[in-house]
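Quick mapping for you: the protein sequence lines, in order, are chains D, H and P.
Residues in the first sequence are numbered from 1 upward in steps of one, following the working numbering.
Residues in the second sequence are numbered from 489 upward in steps of one, following the working numbering.
Residues in the third sequence are numbered from 654 upward in steps of one, following the working numbering.
Hints are supplied without guarantee of correctness; some may be wrong.
[Said to hold, decoys possible] A few chain H residues that face chain P, going by a derived Cβ cut-off under 10 Å, partial list only:
(1) Ile519
(2) Arg526
(3) Ile528
(4) Glu566
(5) His580
(6) Trp628
Simulated from the structure, these hints should not be mistaken for laboratory data.
All C-beta atoms, glycine included, are put in the ideal place defined by N, C-alpha and C.
Given next are the chains, with one letter for each unit.
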Amino acid sequence: MKRISIDPITRLEGHGKIDIFLDESGNVANAYLQIPELRGFEKFCQGRPAEEMPNLTERICGVCPEAHHMAATKALDNVFHVDPPPTAKKLREMFYSIFFATDHTTHFYALGGPDFVVGPTAPPAERNLIGVVNKVGMDIAGKVLKMRRDGHSLIKMIGGRAVHPNWGLPGGVSRGITREQRDEVEKLGRDAIEFAKFSLQLFDDVVLANPEYVNLIKSDAYTQQTYNMGTVDENNHVNFYDGKIRVVGPDGAEKFKYDAQDYREYVAERVEPWSYLKFPYLKQVGWKGFADGVDSGVYRATPLSRLNAADGMATPLAQAEYERFFDTLGGKPVQPTLATHWARLLELLYAPENWVRLATDPEIVGETYRVLPTETPTEGVGCVEAPRGTLTHHYWTDERGIVTNVNLIVGTTNNNAPICMSVKKAAKGLIKNGEVTEGLLNMVEMAFRAYDPCFGCATHSLPGQMPLEVRLRDPDGNVVQRLSQYID
Amino acid sequence: MSDEKFEPRIVGFLCNWCSYRAADLAGTARISYAPNVRIIRVMCSGRVDPTFVLKALSLGADGVLIAGCHPGECHYIEQNYKAMRRFSMLRHTLRAMGVEDERVELVWASAAEGQQLAEAIDKIVEQIRSLGPLNWSDNWQENGARLQALADIVKEHNEALEVPA
Amino acid sequence: MSTTTDPKETDASAAKTKGKLAIYWAASCGGCEISILGIHEKILDVANAFDIVLFPCATDGKVRDVEKMADGEIDVCLFNGGIRTSEQEYMAQLLRRKSKVLIAFGSCASEGCIPGLANLHDRQEIFDCAYQETVSTENPAHVRPRHETTVPEGTLQLPVFYDTLRTLDQTVDVDFYLPGCPPESARIWEAIEALLTGNVPPKGSVIGATTTVCDFCDRTRTEKKIREFKRTWEIIPDPDICLLEQGIICCGIATRAGCGCLCPQVNSPCIGCYGPNGDAEDYGARLMSALASVIDSDDPDEIAEIIRKGIPDPAGTFYRFSLPGSLMRRAKKPVGANGNGH
Numbered sequence: 001m002k003r004i005s006i007d008p009i010t011r012l013e014g015h016g017k018i019d020i021f022l023d024e025s026g027n028v029a030n031a032y033l034q035i036p037e038l039r040g041f042e043k044f045c046q047g048r049p050a051e052e053m054p055n056l057t058e059r060i061c062g063v064c065p066e067a068h069h070m071a072a073t074k075a076l077d078n079v080f081h082v083d084p085p086p087t088a089k090k091l092r093e094m095f096y097s098i099f100f101a102t103d104h105t106t107h108f109y110a111l112g113g114p115d116f117v118v119g120p121t122a123p124p125a126e127r128n129l130i131g132v133v134n135k136v137g138m139d140i141a142g143k144v145l146k147m148r149r150d151g152h153s154l155i156k157m158i159g160g161r162a163v164h165p166n167w168g169l170p171g172g173v174s175r176g177i178t179r180e181q182r183d184e185v186e187k188l189g190r191d192a193i194e195f196a197k198f199s200l201q202l203f204d205d206v207v208l209a210n211p212e213y214v215n216l217i218k219s220d221a222y223t224q225q226t227y228n229m230g231t232v233d234e235n236n237h238v239n240f241y242d243g244k245i246r247v248v249g250p251d252g253a254e255k256f257k258y259d260a261q262d263y264r265e266y267v268a269e270r271v272e273p274w275s276y277l278k279f280p281y282l283k284q285v286g287w288k289g290f291a292d293g294v295d296s297g298v299y300r301a302t303p304l305s306r307l308n309a310a311d312g313m314a315t316p317l318a319q320a321e322y323e324r325f326f327d328t329l330g331g332k333p334v335q336p337t338l339a340t341h342w343a344r345l346l347e348l349l350y351a352p353e354n355w356v357r358l359a360t361d362p363e364i365v366g367e368t369y370r371v372l373p374t375e376t377p378t379e380g381v382g383c384v385e386a387p388r389g390t391l392t393h394h395y396w397t398d399e400r401g402i403v404t405n406v407n408l409i410v411g412t413t414n415n416n417a418p419i420c421m422s423v424k425k426a427a428k429g430l431i432k433n434g435e436v437t438e439g440l441l442n443m444v445e446m447a448f449r450a451y452d453p454c455f456g457c458a459t460h461s462l463p464g465q466m467p468l469e470v471r472l473r474d475p476d477g478n479v480v481q482r483l484s485q486y487i488d
Numbered sequence: 489m490s491d492e493k494f495e496p497r498i499v500g501f502l503c504n505w506c507s508y509r510a511a512d513l514a515g516t517a518r519i520s521y522a523p524n525v526r527i528i529r530v531m532c533s534g535r536v537d538p539t540f541v542l543k544a545l546s547l548g549a550d551g552v553l554i555a556g557c558h559p560g561e562c563h564y565i566e567q568n569y570k571a572m573r574r575f576s577m578l579r580h581t582l583r584a585m586g587v588e589d590e591r592v593e594l595v596w597a598s599a600a601e602g603q604q605l606a607e608a609i610d611k612i613v614e615q616i617r618s619l620g621p622l623n624w625s626d627n628w629q630e631n632g633a634r635l636q637a638l639a640d641i642v643k644e645h646n647e648a649l650e651v652p653a
Numbered sequence: 654m655s656t657t658t659d660p661k662e663t664d665a666s667a668a669k670t671k672g673k674l675a676i677y678w679a680a681s682c683g684g685c686e687i688s689i690l691g692i693h694e695k696i697l698d699v700a701n702a703f704d705i706v707l708f709p710c711a712t713d714g715k716v717r718d719v720e721k722m723a724d725g726e727i728d729v730c731l732f733n734g735g736i737r738t739s740e741q742e743y744m745a746q747l748l749r750r751k752s753k754v755l756i757a758f759g760s761c762a763s764e765g766c767i768p769g770l771a772n773l774h775d776r777q778e779i780f781d782c783a784y785q786e787t788v789s790t791e792n793p794a795h796v797r798p799r800h801e802t803t804v805p806e807g808t809l810q811l812p813v814f815y816d817t818l819r820t821l822d823q824t825v826d827v828d829f830y831l832p833g834c835p836p837e838s839a840r841i842w843e844a845i846e847a848l849l850t851g852n853v854p855p856k857g858s859v860i861g862a863t864t865t866v867c868d869f870c871d872r873t874r875t876e877k878k879i880r881e882f883k884r885t886w887e888i889i890p891d892p893d894i895c896l897l898e899q900g901i902i903c904c905g906i907a908t909r910a911g912c913g914c915l916c917p918q919v920n921s922p923c924i925g926c927y928g929p930n931g932d933a934e935d936y937g938a939r940l941m942s943a944l945a946s947v948i949d950s951d952d953p954d955e956i957a958e959i960i961r962k963g964i965p966d967p968a969g970t971f972y973r974f975s976l977p978g979s980l981m982r983r984a985k986k987p988v989g990a991n992g993n994g995h
């Protein structure tokens with residue numbers, strides 16, 4: 001069969017290529033999204049002092065280092081059996097909301113959004129942040145740049161660095177904030193709320209007001225019927241930092257709700273020979289292949305999933321937008337993948353509302369930002385919502401706190417199977433009778449971009465080839481034949 | 489299988505005031521000892537940077553010997569204590585990298601101790617002989633699959649369909 | 654990349670004077686890309702000066718486009734990430750051929766960075782961990798990703814994963830290095846300006862400071878006499894006194910300046926992400942010397958115990974970012990039962 005290769009996939013974090021096979025009639029027989037990268041964090045973090053894990057694992061991804069930093073820090077609390085003081089928890093959650101808002105801004109305006117703002121089949125040279133700037137003008141571009149600048153400056157102020165902070169420790173954080181810094185956080189938070197409202201308005205004007213885009217969003221080619229996973233607080237509201245993990249079925253009803261530390265009873269990972277990225281699935285439902293439906297263990301963990309898995313938002317403006325979202329798209333659950341872009345902007349509104357709430361809490365400038373562990377470290381799980389999905393870090397250590405074993409299930413990894421399914425379905429829906437253009441291939445890529453993938457995150461792991469040798473010996477013990485693979 | 493005995497190649501850093509003079513003494517006194525140590529004279533054992541040791545090992549040495557004045561007798565007062573601390577740090581690290589302790593040794597020898605230095609050298613040579621060659625750069629080899637894989641990428645790219653803009 | 658919406662209006666001579674820029678990532682994390690975007694509005698100046706022909710994070714240029722270019726057609730390539738797989742080696746060779754100036758951008762390309770810690774293991778050890786031993790992996794059939802997989806429609810290829818991660822300059826000839834994990838945005842802009850004005854150091858140089866992080870640290874320093882190294886979770890350090898003096902292993906003494914000494918400002922020690930200062934060949938050797946000189950003891954057994962207890966992970970402490978670029982490059986490879994490597 002003829003093979004079309006999209007290499008590399010672009011406007012995401014990480015590496016990937018898509019191979020599309022066309023049958024004799026020029027229709028898509030199959031499409032594969034292969035992840036060709038891997039680095040091996042689960043192995044090479046063994047032997048490292050546990051307190052280094054926030055700094056080590058954040059190098060899984062430079063777009064969402066704060067997510068790994070936070071999951072690792074929470075895991076350390078559990079490894080060292082220490083409970084951080086309230087100031088520390090609030091600082092962490094506030095910092096985390098700031099990061100979330102910044103990351104979601106980057107994705108919408110620089111990665112996934114250009115397809116809508118500039119157009120999915122616009123010339124490739126224009127389908128990027130610069131093209132967006134040219135299209136919308138410097139006024140609006142200035143707002144986007146300010147949001148990213150503000151977000152990164154706050155992350156740097158609180159956590160040390162804009163990319164790869166050095167802040168989290170078992171029992172708290174390395175430093176608190178002063179009153180002046182708190183004032184700055186609140187001020188920029190209120191600006192960010194305005195920016196989020198503006199972004200939602202832009203989405204209304206550019207996307208929802210355009211019938212072609214609305215048809216695209218609602219089309220079957222871009223819709224899957226999967227389980228959805230997200231973290232919720234005690235009121236079943238979306239929470240990025242802490243809570244229980246909730247999974248709802250393709251019909252929207254709650255199927256599982258569990259503590260992060262019990263993740264192994266609910267999620268397992270499988271291996272395919274054509275991708276370095278593993279494929280998580282719901283263990284109790286079982287792996288039935290790359291399939292939709294209530295009997296298939298495939299699940300999604302994305303901003304859209306979080307909205308589906310929750311009953312609402314914890315802050316007022318976001319809650320109002322939540323209700324509008326589901327009203328507009330026909331009730332829960334919302335399964336069209338491209339709606340994830342809207343869900344992401346909804347979270348972009350919740351994040352600064354939450355961050356301002358925490359910045360105006362008197363405990364945020366408390367002087368106790370860390371307590372020292374007193375117990376012998378053993379084992380712990382730390383879980384947060386990464387912008388791209390539920391992120392789980394699990395460490396075991398010896399009595400000195402040196403890591404002996406690591407397990408990571410990363411945001412985008414959760415979505416590996418659904419992303420593959422979305423790419424295949426979009427390719428089948430768009431490419432017919434051998435008619436392929438570069439623009440159509442970009443529209444196939446849009447099927448994964450909605451997930452805001454972070455394949456660097458996803459492929460923390462490293463595979464290889466199994467060397468195998470069989471030797472046949474004659475009755476005297478001499479080797480008469482050797483059969484081998486991957487041995488030189 | 490060759491009958492050739494493995495002859496370790498060892499680099500030695502000997503300090504000018506004590507251990508190098510001890511080696512000189514061994515020479516003038518016609519004391520016989522293993523010729524495997526290539527001696528480099530430094531002014532003080534405290535001059536020996538861990539870089540020198542790592543460079544020697546990575547470039548093919550099977551071992552390294554550092555020799556200085558006895559503690560308390562350093563010509564520059566205290567620098568052999570620095571050598572001691574650095575050596576301890578280096579040994580701790582080399583162990584973690586898979587290099588046996590016996591490959592890198594620190595000994596003290598005063599200018600009068602030609603016999604003792606010769607014996608120390610014989611001992612380290614036999615130690616390393618029994619460990620075998622280090623051949624550190626063998627660790628950097630990739631297997632033959634690498635070149636085939638590079639060629640396969642070119643093939644894979646060429647076989648994909650051209651798509652119009 | 655055009656700066657007007659109508660390509661036809663682009664001044665033809667202006668288009669000719671625009672350089673070509675490629676920004677590529679190998680075994681890295683994307684942090685260098687985010688740091689580049691951290692120059693904020695100056696990205697428009699970059700877009701004015703260059704057509705960005707390859708930048709998978711943010712633009713849609715494909716490898717095909719680069720393969721079709723003439724040798725040397727790309728003016729500058731900022732290459733981040735270490736060389737871990739055959740695909741990454743291929744891209745390093747391709748971009749070297751097609752670029753006039755190739756820059757090892759960031760710690761991964763310069764010295765290996767965190768993924769370089771994989772050089773404490775080999776492919777099989779790492780592969781057994783990820784694909785079999787990790788607790789949530791269900792793989793009773795021992796499936797492993799393969800270089801070639803036959804599917805009903807044809808053949809799928811994956812790059813070969815190497816036993817040893819290499820730096821960019823261990824793979825191809827490199828013109829300049831920009832250190833840091835990631836390089837700070839301000840330093841990136843300074844480097845771009847230097848390239849645009851031709852104000853660059855000799856080929857093979859690091860574009861960066863020539864002093865250590867300590868020079869930018871505001872903490873008070875007196876004498877360092879350490880009888881015990883402390884783990885970061887064991888104490889709450891005084892915010893005004895040198896961290897190393899308090900027993901915390903701060904790598905600032907061995908690390909090139911350029912970040913502005915950011916981590917100690919939030920009470921965390923420097924972890925060495927900017928690599929060695931000067932032309933040090935081995936970062937770990939520098940740090941080993943520096944820490945050895947602050948130990949307050951003359952007794953060999955006591956010294957050994959201070960080190961054993963305070964530095965439980967010497968490979969990770971001394972070569973956290975620099976293992977592939979160090980003199981030894983990796984730990985000894987594990988030996989298989991048949992006496993050969995895996």
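Query - Hint status (Cβ of H/Trp628 to nearest Cβ of chain P, threshold 10 Å) - result: holds, 6 Å
Query raised in the report: With a cut-off of 10 Å, does the beta carbon of H/Ile528 approach a beta carbon of chain P closely enough for the hint to hold?
Result: violated, 17 Å
Report task. Verify the interface restraint on H/Glu566: the C-beta must sit less than 10 Å from at least one C-beta of chain P. Result -> holds, 8 Å
**Report entry** H/Arg526 as chain P interface residue, shortest Cβ-Cβ below 10 Å
**Finding:** This hint is violated: H/Arg526 lies away from chain P, its Cβ roughly 18 Å from the closest one there, beyond 10 Å.
Query raised in the report: Given H/Ile519 as an interface hint, is the shortest Cβ-Cβ distance to chain P below 10 Å?
Result: violated, 27 Å
Query raised in the report: Close enough to count: is the Cβ of H/His580 nearer than 10 Å to one in chain P?
Result: holds, 5 Å
Hints 1, 2 and 3 from the earlier list are contradicted by this structure; the remaining hints agree with it.
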